[in-house]
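Peer 1: Modelling step: build the complete structure from the supplied sequences, incorporating the hints.
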Amino acid sequence: KAGVTQTPRYLIKTRGQQVTLSCSPISGHRSVSWYQQTPGQGLQFLFEYFSETQRNKGNFPGRFSGRQFSNSRSEMNVSTLELGDSALYLCASSIDRGPDIQYFGAGTRLSVL
Amino acid sequence: GESVGLHLPTLSVQEGDNSIINCAYSNSASDYFIWYKQESGKGPQFIIDIRSNMDKRQGQRVTVLLNKTVKHLSLQIAATQPGDSAVYFCAENDTGGGNKLTFGTGTQLKVEL
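First to last, the protein sequences are chains A and B.
So for the first sequence, my numbering puts the first residue at 203; every next one is plus one.
So for the second sequence, my numbering puts the first residue at 353; every next one is plus one.
If you're looking for bench data, these hints aren't it; they were derived computationally from the structure.
These numbers come from a predicted model, not from an experiment.
Honestly, I wouldn't trust all of these hints.
Below, a list of computed lysine to any residue pairs in the SDA-like style, where the Cα atoms sit at most 25 Å apart [stated by the list, open to error]:
(1) K420(B) - R299(A)
(2) K408(B) - R299(A)
(3) K394(B) - L315(A)
(4) K203(A) - Q390(B)
(5) K462(B) - Q239(A)
(6) K462(B) - G244(A)
(7) K394(B) - G286(A)
(8) K259(A) - T447(B)
(9) K259(A) - G450(B)
(10) K394(B) - L312(A)
(11) K420(B) - Q246(A)
(12) K394(B) - D298(A)
(13) K394(B) - D302(A)
(14) K259(A) - D446(B)
(15) K259(A) - S378(B)
(16) K394(B) - F266(A)
(17) K215(A) - G242(A)
(18) K203(A) - G450(B)
(19) K259(A) - R403(B)
(20) K423(B) - G260(A)
(21) K259(A) - G449(B)
(22) K423(B) - D302(A)
(23) K259(A) - S404(B)
(24) K423(B) - I400(B)
(25) K462(B) - Y305(A)
Peer 2: As structure tokens, this is what we get:
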């Protein structure tokens with residue numbers, strides 16, 4: 203069974219732009235969560251989607267948003283990029299309502315110049 | 353300005369020895385805990401999990417201990433191998449429902465030959 207797939211793997215943007223990251227969960231998994239990883243703040247929860255609905259949200263500004271499609275695939279969007287948004291963005295999927303094991307993808311490395 | 357990274361505690365062990373990685377968690381109401389291993393350039397990889405109604409769980413070469421009285425988790429790795437070298441994170445799941453992990457800062461495990 204294929205693991206969690208995130209695209210693209212690397213991305214370079216400039217301040218003020220927006221970016222969309224994609225995540226395909228493990229087949230059959232219905233919950234998708236997003237995390238931000240930086241050297242300064244570590245791993246921080248962004249939001250979780252289940253059955254196309256945002257179920258949990260972390261403490262990030264409204265510039266960070268996401269959505270989930272009927273096939274459980276998810277996207278996250280960051281608008282008006284800031285230098286501090288440079289990070290590894292990780293997606294994790296879980297089979298059901300939770301709490302349960304979350305399986306992570308390799309991440310998307312975003313650099314904001 | 354320059355970003356200051358989190359200071360990761362480091363544990364150095366000899367190949368073949370047992371390793372013990374400790375973690376303090378913050379929320380006494382958390383009911384699910386999980387350990388991940390992260391190698392450079394990869395996403396976190398699931399190692400073992402434990403629910404709050406247990407105090408010990410064993411996997412292949414790994415054991416997790418949970419002490420709810422002092423809010424402490426530990427991961428024991430038996431017969432540590434060079435391939436175990438990585439950063440190890442403990443995480444607790446919020447009891448509000450769903451999958452929302454709060455991660456610790458991580459411990460760098462270095463296995464010396």
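Peer 1: Determine for every hint whether it applies to the structure shown.
Peer 2: Hint check:
1. K420(B) - R299(A): holds (24 Å)
2. K408(B) - R299(A): holds (24 Å)
3. K394(B) - L315(A): holds (23 Å)
4. K203(A) - Q390(B): It holds: about 21 Å lies between the C-alpha atoms, which stays within 25 Å.
5. K462(B) - Q239(A): holds (21 Å)
6. K462(B) - G244(A): holds (19 Å)
7. K394(B) - G286(A): holds (21 Å)
8. K259(A) - T447(B): holds (14 Å)
9. K259(A) - G450(B): holds (11 Å)
10. K394(B) - L312(A): holds (14 Å)
11. K420(B) - Q246(A): holds (23 Å)
12. K394(B) - D298(A): The hint holds at about 24 Å.
13. K394(B) - D302(A): holds (21 Å)
14. K259(A) - D446(B): With a Cα-Cα distance of about 11 Å, the restraint between K259(A) and D446(B) holds, given a limit of 25 Å.
15. K259(A) - S378(B): Given pair K259(A), S378(B) holds - Cα atoms ~19 Å apart, limit 25 Å.
16. K394(B) - F266(A): The given pair, whose Cα atoms are some 23 Å apart, holds under the 25 Å limit.
17. K215(A) - G242(A): Roughly 20 Å separates the two Cα atoms, so the pair holds.
18. K203(A) - G450(B): holds (24 Å)
19. K259(A) - R403(B): holds (23 Å)
20. K423(B) - G260(A): Judged against 25 Å, a Cα distance of about 22 Å means the pair holds.
21. K259(A) - G449(B): holds (12 Å)
22. K423(B) - D302(A): Given that 25 Å is the threshold and the Cα spacing comes to 20 Å, the pair holds.
23. K259(A) - S404(B): Roughly 23 Å between the alpha carbons, so the hint for K259(A) and S404(B) holds.
24. K423(B) - I400(B): holds (18 Å)
25. K462(B) - Y305(A): holds (24 Å)
Going down the numbered hints, you'll see the structure goes against none, and every one checks out.
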